[in-house]
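Undergrad: The chain contents come next:
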Amino acid sequence: MNMEHRDLLEVLTAHADQLNRIAGGDAQDPQVPPEQRQELRSLLQLAEQVKGALAPVTASPAYKRKLGLDLSEVARHRRSKELLVAPLSTRRELLIGAAIGSAVALAGGIVYFVRTHMQGQSQHVGQVRTQAVVNREPA
Amino acid sequence: MKGEQERVLVERAQNDPLAFAALYEVYVDQVYNYVYQRTGNHSDAEDLTARTFLKAFAHLENYVFKGVPFSAWLYRIAHNAVANWYRDRRRHQVVSLDALIAYSKGDDKPEDVTQAWEEQKKLLEAIRRLPAERQQLLILKFSEGLKNAEIAQIMGRTEGAIKSLYHRTLLALRRELQKDKTS
Numbered sequence: 000m001n002m003e004h005r006d007l008l009e010v011l012t013a014h015a016d017q018l019n020r021i022a023g024g025d026a027q028d029p030q031v032p033p034e035q036r037q038e039l040r041s042l043l044q045l046a047e048q049v050k051g052a053l054a055p056v057t058a059s060p061a062y063k064r065k066l067g068l069d070l071s072e073v074a075r076h077r078r079s080k081e082l083l084v085a086p087l088s089t090r091r092e093l094l095i096g097a098a099i100g101s102a103v104a105l106a107g108g109i110v111y112f113v114r115t116h117m118q119g120q121s122q123h124v125g126q127v128r129t130q131a132v133v134n135r136e137p138a
Numbered sequence: 000m001k002g003e004q005e006r007v008l009v010e011r012a013q014n015d016p017l018a019f020a021a022l023y024e025v026y027v028d029q030v031y032n033y034v035y036q037r038t039g040n041h042s043d044a045e046d047l048t049a050r051t052f053l054k055a056f057a058h059l060e061n062y063v064f065k066g067v068p069f070s071a072w073l074y075r076i077a078h079n080a081v082a083n084w085y086r087d088r089r090r091h092q093v094v095s096l097d098a099l100i101a102y103s104k105g106d107d108k109p110e111d112v113t114q115a116w117e118e119q120k121k122l123l124e125a126i127r128r129l130p131a132e133r134q135q136l137l138i139l140k141f142s143e144g145l146k147n148a149e150i151a152q153i154m155g156r157t158e159g160a161i162k163s164l165y166h167r168t169l170l171a172l173r174r175e176l177q178k179d180k181t182s
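One line per chain: the protein sequences are A and B, in this order. So for the first sequence, numbering that gives the first Met the number 0 puts the first residue at 0; every next one is plus one. So for the second sequence, numbering that gives the first Met the number 0 puts the first residue at 0; every next one is plus one.
Incorrect hints may appear among the rest.
Stated by the list, open to error - With a straight-line cut-off of 25 Å between C-alpha atoms, the simulated DSS-like cross-links for lysine-lysine are:
(1) B:Lys54 with A:Lys65
(2) A:Lys63 with B:Lys54
(3) B:Lys54 with A:Lys80
Just so you know, the hints here were simulated from the structure itself, not pulled from any lab data. Please read all numbers here as calculations on a predicted model, not as lab measurements.
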């Protein structure tokens, strides 16, 4: 993009912003070369016409109130659905928690059983070995 | 509305559906105006504004605040609603009496009013023959009074791209009006 074109875009933008601040504002165009001024003026005029043609409108208060009420109704419906769904998910979470708790307790029991069983076996083997040594010693 | 205030309102509405009413109050006029400028009549603007807010409400949980304002998200929904509406029904944009009445001034002479209406009608027709994104740009800039940076966020482009698009849009519009004059 060359310098002159960029200046043109800047002036157009500044003009549009100015139109939004002051109706019928006039843009300053010191940077635009004389040969482009005619072109620029034509575009600025057109921009002013467009601004006038697209004057903002608002919805009627009755419509806004009605749509607001309709949306509130939909929102209330959704909230009541969420309240129904919440206890179900809480119940599911409780069930999952209970299942995990039971599994952990069961695993703990198994580990305890295996360990005590193995300890009992090793004690028994130790006692048998000691007895054998005692029996072998001369009187 | 400032970004932080907007973020708080959106988060509240995401946690409590009833809090969506506050967002509706803030943006209903902007959305309505945008849709009206695209369709040219109040009846269709009412229908499409309702669709826009219902869709926004239904998909609010998908909106993630990442610096792009909520209004930009809302304008995109409105823009798509208008596009779908035209596509589905194969409608053509018209210049309604509503738009012309809104433009006229009470103290003008009848013949001046007629001429002004005629010019206004031609200009609006030419605007509505432009591609949708160019119409969107003109409406956001002149009817909604947004700056290029804000328009860029809504249209998902850079600020520089919006400046260029604005220039090209004015050129295209001038060509359209000249075509009208010659035909």
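Undergrad: Now tell me, hint by hint, if it's right for this structure.
TA: Right, here's what the structure says about each hint:
no.	hint	in the structure
1	B:Lys54 with A:Lys65	holds (17 Å)
2	A:Lys63 with B:Lys54	holds (17 Å)
3	B:Lys54 with A:Lys80	holds (18 Å)
Every hint from the earlier list agrees with this structure, and none is contradicted.
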